[in-house]
Amino acid sequence: MSTTTPTESQVVYNKRPAWETFRRSGWRHAVAAVIVVYAVFPLLYAFSASVGDAGTLLGSNQLFATFSLENFRELFSDPQNPFLRWFANSLIVASTTAIGAVMMGAAAAYAFSRFRFKGRKTGLMSLLIIQMFPQLLAFVAIFLLLATLSDIYPFLGLNSLLGLIMVYLGGALGANTFLMYGVFNTVPRELDEAARMDGATHAQIYWTIILRLIKPILVVVGLLSFIAAFSDFLMARIILQDPDRWTVAVGLYQFVSVEFGEKWGVFTAGAVVSALPVVLLFLFLQRFIVSGLTGGAVKG
Numbered sequence: 001m002s003t004t005t006p007t008e009s010q011v012v013y014n015k016r017p018a019w020e021t022f023r024r025s026g027w028r029h030a031v032a033a034v035i036v037v038y039a040v041f042p043l044l045y046a047f048s049a050s051v052g053d054a055g056t057l058l059g060s061n062q063l064f065a066t067f068s069l070e071n072f073r074e075l076f077s078d079p080q081n082p083f084l085r086w087f088a089n090s091l092i093v094a095s096t097t098a099i100g101a102v103m104m105g106a107a108a109a110y111a112f113s114r115f116r117f118k119g120r121k122t123g124l125m126s127l128l129i130i131q132m133f134p135q136l137l138a139f140v141a142i143f144l145l146l147a148t149l150s151d152i153y154p155f156l157g158l159n160s161l162l163g164l165i166m167v168y169l170g171g172a173l174g175a176n177t178f179l180m181y182g183v184f185n186t187v188p189r190e191l192d193e194a195a196r197m198d199g200a201t202h203a204q205i206y207w208t209i210i211l212r213l214i215k216p217i218l219v220v221v222g223l224l225s226f227i228a229a230f231s232d233f234l235m236a237r238i239i240l241q242d243p244d245r246w247t248v249a250v251g252l253y254q255f256v257s258v259e260f261g262e263k264w265g266v267f268t269a270g271a272v273v274s275a276l277p278v279v280l281l282f283l284f285l286q287r288f289i290v291s292g293l294t295g296g297a298v299k300g
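Per the UniProt record's numbering, the sequence shown starts with residue 1, numbered consecutively.
Simulated from the structure, these hints should not be mistaken for lab results.
Every value quoted in this text rests on a predicted model; they were computed, and no experiment measured them.
Ideal Cβ placement from N, Cα and C applies to all residues, glycine included.
Just to be clear, a hint being listed does not mean it is correct.
If you anchor each label on the Cβ, the simulated ranges turn out as follows [to be verified]:
1. 150 - 257: 20 to 28 Å
2. 125 - 258: 21 to 29 Å
3. 138 - 257: 19 to 27 Å
4. 67 - 41: 17 to 25 Å
5. 208 - 92: 25 to 33 Å
Could you build the full structure based on these sequences and the hints that come with them?
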């Protein structure tokens, strides 16, 4: 029977003291554990408040002291606060914004990446400069613009979901274009030339070849646009005035905006339900996220 003699490195590793192992790699696990606890605790606190019966956050220092679904029952059954309608409005706005942002951003990035035309560099620079200004500066202008449009095209003016979607699409066009522009540059132009030699048009190249190769960045842009539109409060509060057209962020604010009548339990219950679409999207699309965010970092 043959026996194997441990190498010198194995002997040294086996004799390494515990503090040395922690100094080399164990501290990373400790830091990761602290970060996980820091991130998970607010979620547990909110869920504990949603299933509690205190109706306040100040008295919820003990997690899951009580368990009741009364907050969820009131959330779905209150006729004065139609949560399901708000939730449906948010899904419509966020889904349409995500699809539109992907289509518009991809088309603009493809044009800047593949075509050479007068004003190309100026257009790219203009998009970059516009994105430097905070969105807060545009609130008054957007309100006045939509108020004027309401007299001519009511379906695009104030208190319109379509008007809100158009505002979201216009605000995200610059950032999405730059994000996709770098990814388009990583796709070799030889593919376009080979397809044109086979008789393919620009539209066929774009839809059947290019978009399939950059699928991860399309998913990332769609996901970020969905989250931004689904969770936005300020712009939706300014544009939407009819309670039946509110999004879920605006609607939930009504539960805690009344002095001495706050319903924090119902508010947290609505927040938990509202988080489900985003969580499910992250779980379903997580394999595209990392590659999509880093795809345009270098040109190869």
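Does the beta carbon distance between residue 138 and residue 257 stay inside 19 to 27 Å, or does it fall outside? Taking Cβ atoms as reference, residue 138 and residue 257 lie about 24 Å apart, which means the hint holds.
Given the hint of 20 to 28 Å, is the C-beta distance from residue 150 to residue 257 inside that range or not? For residue 257 against residue 150, whose Cβ atoms are near 25 Å apart, the range 20 to 28 Å holds.
Taking the CB of residue 125 and the CB of residue 258, does the distance hold inside 21 to 29 Å? violated, 48 Å
Residue 208 and residue 92, beta-carbon distance inside 25 to 33 Å? Holds - the Cβ-Cβ distance for residue 208 and residue 92, about 30 Å, lies within 25 to 33 Å.
Distance restraint hint 17 to 25 Å, applied to the beta-carbon atoms of residue 67 and residue 41: holds, 19 Å
Comparing the model with each earlier hint shows a violation of hint 2 alone; every other hint is respected.
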